[in-house]
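So the sequence lines, in the order shown, correspond to chains S and B.
Here our numbering is used: position 228 in the first sequence is 228, and no number is missing along the way.
Here our numbering is used: position 220 in the second sequence is 220, and no number is missing along the way.
Keep in mind the hints are simulated off the structure, nothing from the lab.
Quick caveat: nothing in here was measured; it's all calculated off a predicted structure.
Where hints are given, some of them may not hold.
What the hints assert, rightly or not - Quick list of simulated restraints, FRET-style, between CB atoms:
no., chain 1, residue 1, chain 2, residue 2, range
1, B, Arg218, S, Arg314, 32 to 40 Å
2, B, Arg304, S, Ser128, 37 to 45 Å
3, B, Arg90, S, Ala4, 46 to 54 Å
From the three backbone atoms N, C-alpha and C, an ideal C-beta is built for every residue, glycine too.
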Amino acid sequence: MRLAAYLLPRILAALITLFGVSVLVFLSLRLLPGGYADILLGPFVTPEARAVIAQRYGLDQPLVVQYLRWVWAMLGGDFGVSMVTQRPVIAELLRRAPVTLQLALIALAVALAVGYPLGVISGVRAASRRKRRDFGRVVGAMGASVPDFVLGSVLIFVFSVWSLWFRVGGYVPFGVDPVGNLRTMLLPGLTLSVFGVALILRTTRDAVLRVMTEPHITAAVARGATPGAIIRRHILRNAAIPVVTVVATYFGFLLGGAVIVEVLFSVPGVGLYIFNGLLNRDYAIVQAGVLLAAVVFITINMLADVLYALIDPRVGAAR
Amino acid sequence: MTAMTAPLVDIADLVIEYDTGTRQVRAIDGAALQVFEDETLAIVGESGSGKTTLGMAAGRLLPPEARVLGGRIHVADVDVSDADDDALRRLRHDKLGFVFQNPTTALDPTMRIGRQVALAMGGRPAPEAIAELLSRAELNEPQRILRAFPHELSGGMAQRVVIAMAIARSPQLLIADEPTASLDASIREKVMATLGRLRAESGASLVILSHDLRMIARHADRVAVMYGGRIVELGAVGQVMQAPAHPYTRALLAAAAGNERPGERLRPIPGTPPILESRCEACAYAPRCAFRETRCETERPEPRAFAGREVVCHRAEAVIAADQSPRQEAR
Chain S
1 MRLAAYLLPR ILAALITLFG VSVLVFLSLR LLPGGYADIL LGPFVTPEAR
51 AVIAQRYGLD QPLVVQYLRW VWAMLGGDFG VSMVTQRPVI AELLRRAPVT
101 LQLALIALAV ALAVGYPLGV ISGVRAASRR KRRDFGRVVG AMGASVPDFV
151 LGSVLIFVFS VWSLWFRVGG YVPFGVDPVG NLRTMLLPGL TLSVFGVALI
201 LRTTRDAVLR VMTEPHITAA VARGATPGAI IRRHILRNAA IPVVTVVATY
251 FGFLLGGAVI VEVLFSVPGV GLYIFNGLLN RDYAIVQAGV LLAAVVFITI
301 NMLADVLYAL IDPRVGAAR
Chain B
1 MTAMTAPLVD IADLVIEYDT GTRQVRAIDG AALQVFEDET LAIVGESGSG
51 KTTLGMAAGR LLPPEARVLG GRIHVADVDV SDADDDALRR LRHDKLGFVF
101 QNPTTALDPT MRIGRQVALA MGGRPAPEAI AELLSRAELN EPQRILRAFP
151 HELSGGMAQR VVIAMAIARS PQLLIADEPT ASLDASIREK VMATLGRLRA
201 ESGASLVILS HDLRMIARHA DRVAVMYGGR IVELGAVGQV MQAPAHPYTR
251 ALLAAAAGNE RPGERLRPIP GTPPILESRC EACAYAPRCA FRETRCETER
301 PEPRAFAGRE VVCHRAEAVI AADQSPRQEA R
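Start from the sequences and build out the full structure, keeping to the hints where you can.
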């Protein structure tokens, strides 16, 4: 009952957000210079041919009508058909989703496995010292400010000169060839994880630093608890609250399709699909892809909200 | 009182400074204090007087900015400023119990009370033992409180939980920093009474840090008045309250509500407490003192025995004399 009262406003807010996203996606695509007809027929084309294409796809209707038709169809489960391949968009997206999911899981696992412990260590060390500068902050700042395409390009360069073990491109499903799959997926996964490591490291570090100054930690020290017990019992859980937020945001961002990294490493995931759809002005792909990414993102953030309430008993009880 | 045995706490010539980044602030300026077994000592002073620094120093619980520059702190025969981390942890674990000012922040907000109390008791106590400990701290419905989270308790209940945790391992020394300051006025007295009863039952010593001289007087055997990082007056509560020998003690009593006569005004202490940056070579209270004379501003007063107590004042005789005549008339 309390959970429902806690979730209901969030679900409402999520629906409003989704409406906003759908309008934005729809409009921004329509406002891009050049339409599907230009891409399909090329620059030297008669207005008549253009009109035929526009009419066939309903592009001659007013924007409001186009929008409402789109939303209505989606409510019925129809996310449209790719104008280029004439295949249902939803099927294509679902086919590529596992690839993006795997990439996201690799990046998230690495980011958590490296970022969280480093953040805890960095925070604990910083709190017990008088001067609060240390390498954790430097690494965090650097990792967070290096763009994916720079890092990815550097990695591709390095591994194309010394091929080592990794491969760029040539994706095979994990079920078919696990080793071959990892050879192509680890590099893009690692590239994506660097930002996550930095993000989680910094958030964890700041959270730990803040928790360490709370009186209940002093109280635990005063009871003669060992540092290990204090970290395990009191710090990890209290510091996890802001970390859950950024992890959820980061994971949602990864699932939405890490477009640049997928393009760079030719990973056939959702991001690459949307990217190609955008190049072709294949409206249905981009619209459905971005909207579904938003749905995933919002859902994950709502799960994070539930997770908070489980970690911090004060959250669910507040009014 | 057992003033003959070796003191439980022996602090001498203690100097502590805080490094604020831009300058050094001296919080303790040569303080000396002993706490004996089975007694309640109140340390009284305004905020900034150094009482919290002194109390926390007894368990080496000071923040990393604090520096102990001199003197010694012995607690239960352990040299606190010299002990290694392990010895210090054993001292805190076996001999010390702390009660903090704000009970709701002194408890882990994400952990149920039962588990926190169990951790304080050590080992794996049975639920009945935990409930029994909470009952000793005069908490009704201990079963319900065991399952509660800290934010679900009132301030008074939370402070009783904190007190229960502090006495869980029968410490020899309890240090309570403003234990009732964050509570409603109506329950302060009751919580203090519980703390005092538990101390008496266990035979531990209790050090209360407080700004409220009158409230503390009802619960302490001895009182130490702090000013400018030093103990300026130290003696039995009755003596000090009846006839203060330090002008600051006298001003504190006049400024506090309690037993003023109808129509009498409370007199706030003029001026502000000093912020020292090095050893004070005069009387730190001189700028605010009504009794000061030239040497108060040039000569650092040293502790001396006077009128059955210890006082750090050049003018103690004059201070006591000033109170004698009107008080006797009133009686």
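So, going through the hints one by one against the coordinates:
no.	hint	result
1	Arg218(B) / Arg314(S): 32 to 40 Å	holds, 36 Å
2	Arg304(B) / Ser128(S): 37 to 45 Å	holds, 41 Å
3	Arg90(B) / Ala4(S): 46 to 54 Å	holds, 50 Å
Figure legend: structure checked against the earlier numbered hints; every hint is met.
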